[in-house]
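Residue numbers (this note's numbering), protein chains in the order written: chain U, 5 to 424; chain C, 553 to 714.
Below are the EDC-like pairs computed for lysine to aspartate or glutamate, each with C-alpha atoms no more than 20 Å apart in a straight line:
| # | chain 1 | residue 1 | chain 2 | residue 2 |
| --- | --- | --- | --- | --- |
| 1 | U | K78 | C | E585 |
| 2 | U | K114 | U | E103 |
| 3 | U | K78 | C | E588 |
| 4 | U | K321 | U | E355 |
Derived DEER-like restraints, expressed as beta-carbon distance ranges:
| # | chain 1 | residue 1 | chain 2 | residue 2 | range |
| --- | --- | --- | --- | --- | --- |
| 5 | U | Q293 | C | G605 | 45 to 51 Å |
| 6 | U | K292 | C | G631 | 43 to 49 Å |
| 7 | U | G26 | C | I599 | 33 to 39 Å |
| 8 | U | V260 | C | G605 | 39 to 45 Å |
| 9 | C | T688 | U | R248 | 51 to 57 Å |
Keep in mind that the hints were calculated from the coordinates and are not lab data.
Positions of the beta carbon are idealized from the N, C-alpha and C atoms, including for glycine.
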Amino acid sequence: MGMTMTQKILAAHAGLDKVEAGQLIEADLDLVLGNDITSPVAIKEMDKMKVNGVFDKDKIALVPDHFVPNKDIKSAEHCKCVREFAIKNEITNYFEVGEMGIEHALLPEKGLTVAGDVIIGADSHTCTYGALGAFSTGVGSTDMAAGMATGKAWFKVPGAIKFNLVGKPKEWVSGKDVILHIIGMIGVDGALYKSMEFTGEGIQNLSMDDRFTIANMAIEAGGKNGIFPVDDLAKAYMKEHSTRNYTVYEADEDAVYDEEYTIDLSALESTVAFPHLPENTKTLSEIKQDITIDQVVIGSCTNGRLDDLRIAAKVLKGRHVAKGMRCIIIPATQAVYLSAMEEGLLKTFIEAGAIVSTPTCGPCLGGYMGILAEGERCVSTTNRNFVGRMGHVDSEIYLASPAVAAASAVTGKISGPEQL
Amino acid sequence: MKKANGTVFKYGDNVDTDVIIPARYLNSSDPAELAEHCMEDIDKDFIKKVKKGDIIVADKNFGCGSSREHAPIAIKAAGVSCVIAETFARIFYRNAINIGLPIIECADAAKGIEAGDEVEVDFDSGIITNVTKGTTFKGQAFPEFMQKIIAAEGLVNYINNK
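Make a model of the complete structure from these sequences and hints.
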């Protein structure tokens with residue numbers, strides 16, 4: 005019985021020739037990540053441990069991104085706690101405002117995550133790095149503390165679901181539509197405790213930014229991780245961004261999968277997740293009535309990368325957002341921001357009546373920078389549309405691609421670029 | 553190991569960590585302060601009614617979404633002695649064990665227990681007794697490794713004791 009790609013990475017990091025689903029292992033970690041919300045709790049827990057400092061100052065990344073630039077005094081205190089810890093422990097990869105970006109966009113861009121790694125992060129969207137062929141998964145603060153102290157974490161080896169992607173997506177259909185389609189199909193607990201293994205010739209038709217978006221939302225199907233094979237595009241990305249050596253793992257021919265799905269990318273349409281779960285999906289053509297909206301957010305660890313902003317700009321170019329619409333665009337990192345400026349995307353956004361913010365998770369989790377009032381509706385490229393996620397418990401979030409979000413900002417109702 | 557005994561608060565599928573502790577309160581990491589807002593966006597009255605030792609029972613995928621450990625911390629600090637669910641989201645499951653909040657997966661109990669029932673849980677045997685209805689259920693036992701973490705009341709003590 006063979007191993008999946010995920011199982012091979014875990015076996016190698018546990019010093020074992022072979023692992024199987026359900027087995028409990030202890031694995032060596034290549035990177036431990038935390039942000040301004042989860043790290044203070046981890047630092048407090050680490051203080052209780054009888055250890056002298058961190059296991060490796062180069063293998064910890066601290067990225068204040070959720071409530072920065074500090075939204076209030078309490079957030080400022082949290083950031084101060086993280087900053088002081090980083091200085092005291094000489095953490096190499098601490099990213100201050102000005103250098104920081106949204107963690108899951110920033111770390112691959114900085115070359116800190118590569119194929120074959122085992123990565124834990126005290127943030128559920130840590131699964132993003134599976135796009136590069138790494139095993140990466142979200143944990144809580146205590147796991148982060150133990151990881152920082154010991155360089156190890158315990159895992160239950162996951163079973164797997166295989167998604168065989170074939171065909172080429174139509175114009176305006178992107179990674180977001182692929183993953184929303186999948187979550188709509190299997191549900192928000194469809195991959196509970198399992199790895200989501202993407203494979204198939206269709207992957208060559210997905211950009212790296214598409215793959216980051218897909219891996220990012222594996223958690224929204226309950227998945228432990230999402231993972232892609234390492235092809236030439238992924239290798240070129242790592243060559244451009246990283247000086248680290250990477251290891252390519254491939255699933256065995258006889259690897260065991262609990263379920264297998266084939267998804268024809270050419271048959272997918274723009275997809276929207278209705279309140280209040282990411283599994284409540286409809287294609288644009290299935291939406292029969294007008295759904296008027298008050299706000300659009302384009303950004304986040306899911307869709308704040310350069311490809312996403314390019315698509316939004318293509319839609320907004322020469323157009324203007326609807327009267328009364330707040331359109332908030334958040335480049336995920338400083339590098340994305342700079343490229344967007346150099347390419348003229350920011351000019352397009354501002355001329356269209358949108359605003360552009362410094363990198364922050366801000367509105368995605370109802371932190372700040374775009375909180376919704378009672379009864380308001382938002383089309384957002386973020387990842388969760390739970391009750392109260394972006395503000396008032398009686399507000400509504402519709403998750404969509406950058407193309408649909410931008411088009412909806414123009415019309416004031418849920419729309420696709422084809423409808424402009 | 554200890555037992556839990558309390559009155560049940562009952563919820564449905566996919567109770568996410570955003571409704572357990574909304575992000576607007578995550579500028580604090582103080583357990584007592586987090587507890588004041590526990591379950592606020594799904595059950596405004598929870599924190600007014602909950603008594604020390606009470607039990608949360610839910611259906612599928614309890615604790616899905618954000619990895620915030622503040623969620624099990626808030627539940628524990630609110631006085632809840634145990635969470636029983638048909639299934640838990642995996643990060644919540646880890647977090648609960650790591651901070652020493654007892655949790656048990658049991659589909660039959662999730663179906664056979666209603667809000668307001670008095671329930672007793674024996675962590676050694678995994679037996680869940682609905683005292684009000686006179687029924688019993690067998691929860692899924694933890695692997696030995698996790699039992700050790702739970703017995704140490706969390707991962708920090710477990711590592712310190714090693």
